[in-house]
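S.K.: For reference, the chains in residue letters:
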Amino acid sequence: MGKYITKRLIYMVISIWLIATVTFFLMHAIPGDPFTDSKKLPPEIMENLKRKYNLDKPLIVQYFLYLKNLAKGDLGISLRYKNRTVNGILFSAFPNSAKLGLAAVGVGVTLGLTLGIIAALNNKGFFDYFAILVAVIGVSVPSFVLAGMFQYWFGVQLEILPVAGWGKLKFMILPVFALGFRLIAFQARLMRTNMIEIMGQDYIKTAKAKGLSKPAIVVKHVIRNAILPVITVLGPLTAAIMTGSFVIESIFGIPGMGKYFVDAINQRDYTLILGTTLFYATLLIMMVFVVDILYGIVDPRIRIDE
Amino acid sequence: MVDKNRVLLEVNNLKVSFDTYAGEVQAVRGVTFHVNKGETLAIVGESGCGKSVTSQSIMKLIPMPPGRIKEGSIKFDGRELTKLTDKQMESVRGSEIGMIFQDPMTSLNPTMKVGKQIMEGLIKHQKLNKKEAKEKAIEMLKLVGIPTPEKRVDQYPHEFSGGMRQRAMIAIALACNPKLLIADEPTTALDVTIQAQILDLMRDLQEKLDTAIILITHDLGVVADIANRVAVMYAGVIVETGTLDEIFYNPQHPYTWGLLQSVPRLDTKNKERLVPIEGTPPDLFSPPKGCPFAARCEHAMRICKEEFPEKTQVSDNHYVHCWLQHEMAPKVENPVAERREG
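For the protein sequence lines, the chains are A and B, in the order given.
Just so we're aligned: 206 in the UniProt record's numbering is position 206 of the first sequence, and the numbers increase by one with no gaps anywhere.
Just so we're aligned: 330 in the UniProt record's numbering is position 330 of the second sequence, and the numbers increase by one with no gaps anywhere.
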């Protein structure tokens, strides 16, 4: 196991380096630089600015300078947010997005799996069609539409929940459901299909031939096998949702990470682009690693032995 | 003769259909047979003839719906199984009737330890606690010839070979010492040397535990190896039943002839081609009203296409459904009996 983890860590470093390299050069291929858009700056000031941020040096030199700092864990200074380091920006915004994201994943997975299991057991019955309906709505209605509807119903009409804001639990409920609804739909659909597939397997017939009751078969034999694909998608999904949603965070006024992904690119804030990208990449790779370990726990066939 | 005291299972005029969008598939169309205590009955026939549906109906394992038992009775040890509720059926399955399936690679739950899969039935039916059940599971693994059962009991199915998995399946099926074991093509997915081992094992265990066996197969070699009596099934009906010797040496139905002639033999002097049965079985959406084999039978007469032949008794245990048995039918030479004598 120790050897396996070491190997995975080495791969992880290599992946991050590759992503950093590709992002670095792609980003510099975008026309313009952080100082081109807004006001016309006098050439001298432009020169000075560029010198300050090392942008006057050849690209390859900038690249190695960046890598040197990255190795120390320093993502640099934001080019657009005055006097703020990229590390500072990420670590102030990430906890908010992560809290929201994890809550949404929690709600999505719990409700989604429950709905999926009920639907599968009620194959072609009322609950099954209900679950399919929820799934279709959840997958096809964009989250900002839901967000707006939630704000209108619960915030404006019923006045039971705040329309926007951040800091207390009550502020979280609407955005969590707006974000999590898609997950509920997605997980329900996935779980339903898996359950139905597993229930047709030979070993379920074996379990039935043993005289086990239907609930015992579902709990002991079906769910554990049906949950494998759910775990697989869970890793990348969690990484994506924890790093924030631009749309949901903007609508509900949440100081999360979502907006930095978008702003960084629009403003060609080089260090912030790299920072957000690498942060997301690292989280994603870690999540995939966690999933691999989890997968082994659930499915002995792919358990990692020494 | 049917001796009431020895009969364990009696299936009478069983009809099973599946309702599909395309219509009703009459998979089993009036099957009657019995199994005595401790004996082995082989049900043979080609794919899709209703063997598996018959056996799974006994256990009520066919998915209902779309499947349904249209009529007939299944009497097991004095009880009418078709009338039992789902709950009552659960106490029969695994405890009084055990079942093993064709493909041991897919018949065990991949995410559960083999020992635990054996223990489940014991805990449910014999009310053993975990420790006792585990001891019994180890004992069962030993009984089916798995070496180092103490270690194997905690392993997962993927750590077992195909033959060992089928042994584990047998251990599961026999754990609660059932009176009847239904083996649905138990050796089809195994290679030949393992097949022989599994058959030996089944025969051994049958002697030790006095279990009756229904063996579903299309392999006449397997039948010759293990069966006491044979039922030949075709298109959802049993066309001929008899003891092993009667079916192999004095078969009466042209379909049985065909089956036997299509088996390669070692004892022929000159090289003979295998004789296939030409054509395909009838469509079970609309089975023929006459003898279902008539379309493929070289001896078919006009009556064969119009009316299903009555049961004719050949000897004590030997029955056949064929118009050739009728006194007005032309004499046809029995090609198999001929061959055996020659």
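Some hints here could point you the wrong way.
Below are the DSS-like pairs computed for lysine-lysine, each with C-alpha atoms no more than 27 Å apart in a straight line [said to hold, decoys possible]:
#	chain 1	residue 1	chain 2	residue 2
1	B	K15	B	K127
2	B	K208	B	K151
3	A	K214	B	K60
4	B	K208	B	K37
5	B	K331	A	K214
6	B	K37	A	K220
7	B	K127	A	K124
8	B	K83	B	K208
9	A	K214	B	K37
Far from chain B by the CB rule (all over 12 Å, computed), these chain A residues [stated by the list, open to error]:
#	residue
10	R51
11	I173
12	Q201
13	Y203
Since the hints were derived computationally from the structure, they do not count as laboratory data.
Yeah, the Cβ is synthetic: ideal placement off N, Cα and C, and Gly gets one too.
S.K.: Against the earlier hints, flag every one the structure doesn't satisfy and list their numbers going up.
M.R.: 1, 5, 6, 7, 8, 9, 12, 13
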